[in-house]
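Residue numbers (our numbering), protein chains in the order written: chain F, 1 to 345; chain Z, 1 to 345.
The set of hints was computed from the structure by calculation and includes no laboratory data. Glycine residues also receive a C-beta, built at the ideal position from the N, C-alpha and C atoms. Mixed in with the good hints there might be a few duds.
With the C-beta cut set under 10 Å, the calculated list includes, among others, these residues of chain F facing chain Z [stated by the list, open to error]:
hint	residue
1	Arg48
2	Glu99
3	Leu111
There are 2 protein chains.
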Amino acid sequence: MQGNNLNKDWTLIDGLQYSNWSHEIFSQMHEGGLNAVHVTVAYHENTRETLSRLGQWNQRFETFSDLIRPVFQPQDIALAKNEGRVGIILGAQNCSPIEDEIQLVGVLRRLGLMIMQLTYNNQSLLGTGCYESEDNGITRFGKQVIHEMNRVGMVIDMSHSAERSTLEAIEYSEQPVIISHANPSEFHPALRNKSNKVIDAIAENEGLLGFSLYPFHLKNGPACSLNDFCDMVAWTAERMGVERIGIGSDLCQNQPKSVLEWMRNGRWSKQMDYGEGSASDSGWPEPLAWFKDNRDFPKVAEALAQKGFNETELGLILGGNWVNLLTRVATASFETTTLDAPDKC
Amino acid sequence: MQGNNLNKDWTLIDGLQYSNWSHEIFSQMHEGGLNAVHVTVAYHENTRETLSRLGQWNQRFETFSDLIRPVFQPQDIALAKNEGRVGIILGAQNCSPIEDEIQLVGVLRRLGLMIMQLTYNNQSLLGTGCYESEDNGITRFGKQVIHEMNRVGMVIDMSHSAERSTLEAIEYSEQPVIISHANPSEFHPALRNKSNKVIDAIAENEGLLGFSLYPFHLKNGPACSLNDFCDMVAWTAERMGVERIGIGSDLCQNQPKSVLEWMRNGRWSKQMDYGEGSASDSGWPEPLAWFKDNRDFPKVAEALAQKGFNETELGLILGGNWVNLLTRVATASFETTTLDAPDKC
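All chains, please: the whole structure from these sequences, using the hints.
Listed below in structure tokens is the structure:
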């Protein structure tokens with residue numbers, strides 16, 4: 001079911017989605033030619049709630065076993081591709097799942113949590129989020145957690161973090177750090193987008209920037225043209241290197257407004273916080289005309305090809321760089337075990 | 001460091017311990033010739049607290065990596081033996097770790113929880129404990145959990161359950177059920193010990209009974225002789241078959257009285273509950289003269305040999321039956337994954 005213009009040697013990966021998961025959406029991933037998707041397990045969920053989310057994923061892995069499979073190790077992405085299933089990479093957009101306990105990093109990594117953001121918009125126990133007015137950098141606990149994430153093979157994601165905290169995380173981490181879903185501020189100056197200083201540090205650190213297709217992160221919002229998006233990709237490839245970029249669409253499909261409000265407000269605010277929106281524009285943004293769901297990936301690939309990227313470069317941008325980054329950073333080294341058994345969840 | 005009289009072809013397993021874990025105790029396991037020990041992770045701990053307990057075990061696997069290793073699959077016991085380390089089999093003495101959520105069975109199995117009791121003395125959400133005056137059998141949720149434990153490869157342990165609940169668990173389970181640590185009531189009529197009806201059902205079900213060395217479960221308590229213990233083993237071997245019995249010492253070494261009180265009272269009672277003890281005998285029982293710690297296993301092996309068990313039978317009783325039971329029942333079948341990596345926790 002791969003889109004026609006996609007090279008079968010490519011491994012297509014979307015570096016962030018949080019949709020209202022269903023047979024329809026998983027089928028659309030197949031239609032769009034995707035081999036793996038990084039999905040969000042938690043925004044503000046604490047440890048106990050995160051386990052319920054992981055339990056829900058186990059249920060989906062059972063129910064939709066013909067369409068998806070879990071990715072516990074980066075190498076499982078290749079298994080997914082060979083099996084004709086979409087690999088699901090589990091991640092958290094916040095450090096709420098580990099609460100205040102260093103040992104929970106390893107516990108959650110064993111449960112498959114491969115990527116974790118240190119902050120989500122606000123100050124966390126680890127660092128400062130991108131919507132705070134002051135940024136005092138990585139905390140004492142944050143330094144411990146960065147070291148532990150490095151040790152157990154959990155990727156540090158600074159998508160929703162403030163600048164100083166991001167730069168310090170890169171400095172303290174012995175492994176590359178990523179921005180799974182954001183765009184260069186140079187292209188569109190949203191609080192969530194990243195300064196040249198940050199993207200240069202990510203590049204030097206051999207990390208990865210996943211381009212967001214969330215309209216609030218794009219020039220002209222929902223009216224952003226595919227050509228403008230591709231210009232941004234070309235500019236960033238030039239600045240960071242073509243090995244340092246990927247896609248992190250931030251696709252949030254079929255989600256009710258209540259989910260948007262949970263993402264923005266969690267349990268921390270009595271007043272409504274509108275994130276990149278406003279009181280007069282408080283809902284989900286209108287989708288882009290050229291990217292409505294997973295079936296539109298071939299369209300993006302086609303436009304990037306027309307922009308001048310060759311087959312090799314396209315393969316890297318559309319997923320190869322994600323595979324390489326995860327293989328370098330997220331290969332968990334547990335005690336040896338015989339934990340690979342027949343095909344059941 | 002194996003005890004002198006132990007056959008090197010045997011795999012020695014103790015089917016239950018809950019000690020105040022330390023370098024000293026893990027070293028004594030080596031001195032006693034043990035290859036694996038089933039340790040208790042939770043008595044009354046809820047899901048969140050259980051994760052902290054598992055985190056503490058991860059810390060021990062790091063700190064004492066020369067002495068112990070985790071057992072995620074039954075086959076890891078052979079790895080442990082080959083490496084010269086003691087395999088740690090993780091289990092819960094209660095269903096408190098899954099709270100009221102069916103999906104947590106699979107989540108905890110992935111974290112290595114291989115054995116779970118359905119009840120601990122009291123009524124639980126799944127069934128009735130051995131100290132209740134009435135036993136209404138396995139609950140609606142209990143039936144679901146039994147099925148799910150069968151599915152994901154988690155062993156059902158009825159050591160602290162009441163008779164009807166135990167018999168129903170055996171009836172509903174598609175897999176053998178175990179009593180990890182208790183003795184036949186015929187030998188000593190403690191509430192915690194098991195009627196002939198129960199041990200016959202376990203035998204027919206091809207499960208396993210692990211003999212307890214906890215003085216309250218033995219004839220004459222702390223004064224029980226090694227010869228009497230061996231007579232009980234011989235009687236049970238005759239009744240159940242030599243393939244259906246093992247050791248589950250219930251060794252609780254160096255634990256303060258506060259831990260005993262936690263085991264007995266958890267958070268459920270304002271009055272002190274004394275378990276097998278009494279107000280005038282409220283502490284830990286005196287240890288047996290011939291079984292004080294892990295170094296005494298060769299002594300037990302020697303006495304059983306003198307009782308007439310041959311080398312093959314001894315190998316089964318001292319661990320072989322545990323290996324066989326776990327291999328049949330606890331081989332978790334997850335989605336295929338590449339989750340076996342270098343030697344790190």
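Quick rundown of the hints versus the structure:
no. : hint   : result
1   : Arg48  : 5 Å, holds
2   : Glu99  : 8 Å, holds
3   : Leu111 : 6 Å, holds
Comparing the model with each earlier hint shows no violations; every hint is respected.
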